[in-house]
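Model the full structure from these sequences, guided by the hints.
Residue numbers (our numbering), protein chains in the order written: chain A, 77 to 352; chain B, 3 to 331.
Treat the hints as calculated values from the structure; they're not laboratory data. Virtual Cβ for every residue (Gly too), placed ideally from N, Cα, C. Mixed in with the good hints, there may be bad ones.
Said to hold, decoys possible - Below, a sample of chain B positions facing chain A; criterion: calculated Cβ distance under 10 Å: (1) Gln72; (2) Lys94; (3) Thr99; (4) Ser104; (5) Leu105; (6) Glu108; (7) Lys123; (8) Leu157; (9) Glu182; (10) Gln189; (11) Lys195; (12) Gly199.
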Amino acid sequence: MSLAAEAFVSQIAAAEPWPENAALYQPLKDDQILLSDHASSLAVQAYLRMCNLPVQVACRANAEYMSPSGKVPFIHIGNQVVSELGPIVQFIKAKGHSLSDGLGEVQKAEMKAYMELVNNMLLTAELYIQWCDENTAKEITRPRFSSPYTWPLNHVLAYQKQWEVRRKMKAIGWAGKTLDQVYEDVSQCCQALSQRLGTQPYFFNKQPTELDALVFGHLFTILTTQLTSDELGEKVKNYSNLLSFCRRIEQNYFEDHDKDSITSSTSRLSKGSSLM
Amino acid sequence: MRKKMSAPSELYCWKGERGLPSVDPDCLTVLAYAKFAGAPLKVHKIANPWRSPTGSLPALKTSEDGSLSQPHKIIIHLRKQKYNADYDLSAKEGADTLAFISLLEEKLLPALIYAFWVDSKNYVEVTRRWYAENIPFPLNFYLPTRMHSHALDRLRLVRGDSGLEPGDEAEKELYRDAYECMTLLSQRLGTQKFFFGDFPSSLDAYVFGQLAPLLKVKLPNCKLQQHLKSLDNLCHYCSHILDLYFQNEASDGPARKAPTPREDGSDFDNEPHKRRNQFLSVLVALGAMVGYAFLTGIVSIQRSDPHNALHGRRAPQLAGDEVDDEDGE
Chain A
77 MSLAAEAFVS QIAAAEPWPE NAALYQPLKD DQILLSDHAS SLAVQAYLRM
127 CNLPVQVACR ANAEYMSPSG KVPFIHIGNQ VVSELGPIVQ FIKAKGHSLS
177 DGLGEVQKAE MKAYMELVNN MLLTAELYIQ WCDENTAKEI TRPRFSSPYT
227 WPLNHVLAYQ KQWEVRRKMK AIGWAGKTLD QVYEDVSQCC QALSQRLGTQ
277 PYFFNKQPTE LDALVFGHLF TILTTQLTSD ELGEKVKNYS NLLSFCRRIE
327 QNYFEDHDKD SITSSTSRLS KGSSLM
Chain B
3 MRKKMSAPSE LYCWKGERGL PSVDPDCLTV LAYAKFAGAP LKVHKIANPW
53 RSPTGSLPAL KTSEDGSLSQ PHKIIIHLRK QKYNADYDLS AKEGADTLAF
103 ISLLEEKLLP ALIYAFWVDS KNYVEVTRRW YAENIPFPLN FYLPTRMHSH
153 ALDRLRLVRG DSGLEPGDEA EKELYRDAYE CMTLLSQRLG TQKFFFGDFP
203 SSLDAYVFGQ LAPLLKVKLP NCKLQQHLKS LDNLCHYCSH ILDLYFQNEA
253 SDGPARKAPT PREDGSDFDN EPHKRRNQFL SVLVALGAMV GYAFLTGIVS
303 IQRSDPHNAL HGRRAPQLAG DEVDDEDGE
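And the structure:
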């Protein structure tokens, strides 16, 4: 969106209250959604719950194509559609809800930097493991991604997406990395997050912010998803404060609503779709 | 524990210009880190990436581990060799380093790539001209356009946009993210000398590597530069690092223009030789034309007696009087 259009939209957004029928769209929970998409979607859901804004989660096979930027999840509020955590946070801020207003300038800078760290390292690692590791791609990613489609479209779409992701990896310099190096990067990222969190309940002490939502989304998904090997989950489990952080957010924000909503969906994110 | 005496590693990087030790952000990052950590490196400043051991710049040629090319890997290698600028950082500061480096790569680097390689005016007048002038023949016809298409590809893939022409929309978004990033860096730096106190660390190397070209290279079309100049503490920070660690390079810049005639001038301005070459080429061309004219007979000089030509039947011995008589008539 151009800057003028954005300013106009945010003015309109600020005028309306949060509607009852707000909806969040993501790919199909049981069969189609992938690790990285689920992590992003969970992050947005966590953020909305932290702001106390109700939203319905709707699963559609073509969510990726419906989204204005091509990335999931996106929310549909009134007559506006906003995708990805960053713009959603801005949009909600225009409506008057914000979790990071109480932070000082330096803290805001750190928050943004750590959010970029998660995007740059964790999300890229997830994409790498899903699409560039041939084992995982063959057994889990391609079958899941193409499950709503019939032959031959399923093969075409799956390979097209894989090719696109591999090109992106090459452009940012991750193509030359081995799987072990990627796991090492994930470990470093978790170590950084763990050190920043320390013994506090949330990253900026008493109140959760969008950074907490984003970290929760990614770490919870990694911990509860079964891939071809357990190594990714093991890297996160090395840091006990991150584990208790995830548990804390799950208990505070997800358990009072339907308890089964996230736990059941994540346990099914495995190869085949058998319950583990 | 015996320490193995090995030859110092060799670093190949792009050469510099106008007070900068190098024009490429990655090379600057590695150079700055090496200075901060006190690593003894033999630096080769070249303008031909094909001469580097890995085919790209920067490249570090080590005696044991082969050659490395990305700045990230080079810094890890130097750290393993005990040249660690982050030794004194606390665990939290180490975590902050990773986070801010990610911030730089996600928010500032795309805008820099845009400003130097995609924005048409800047690309044509500054970037392409510099690379075309400094890369040796015949690579200077091929490499700048290849680097341009790499940069364009990278931006397109990272942003997930299919339409990344040098138009206003994409530019505004990229620049907006970059302004925010620079403002955040400025706030984090505050009034300190370096990001983590009084001694520089790897984060300083990365920030310096990205900001220094933006500060020093004169771009015709650059709101990014103006924004940077409005953030005083970042400008002072870059100049401070340049003065403290790279003052040899800074003085070499303008002084290098003076000894130009003495150096084998394939890469530099050839002003004194230009005139001579022009004169010689004109001379050669004239000589060729005249020679051709003579050879084919368009112009010919008759060596025969002019009297035979004018008065064919007269006897030769009376030539002198006859001519006079003839001329008198």
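Problem - Those earlier numbered hints the structure runs against, lowest number first - result: 7, 11 and 12
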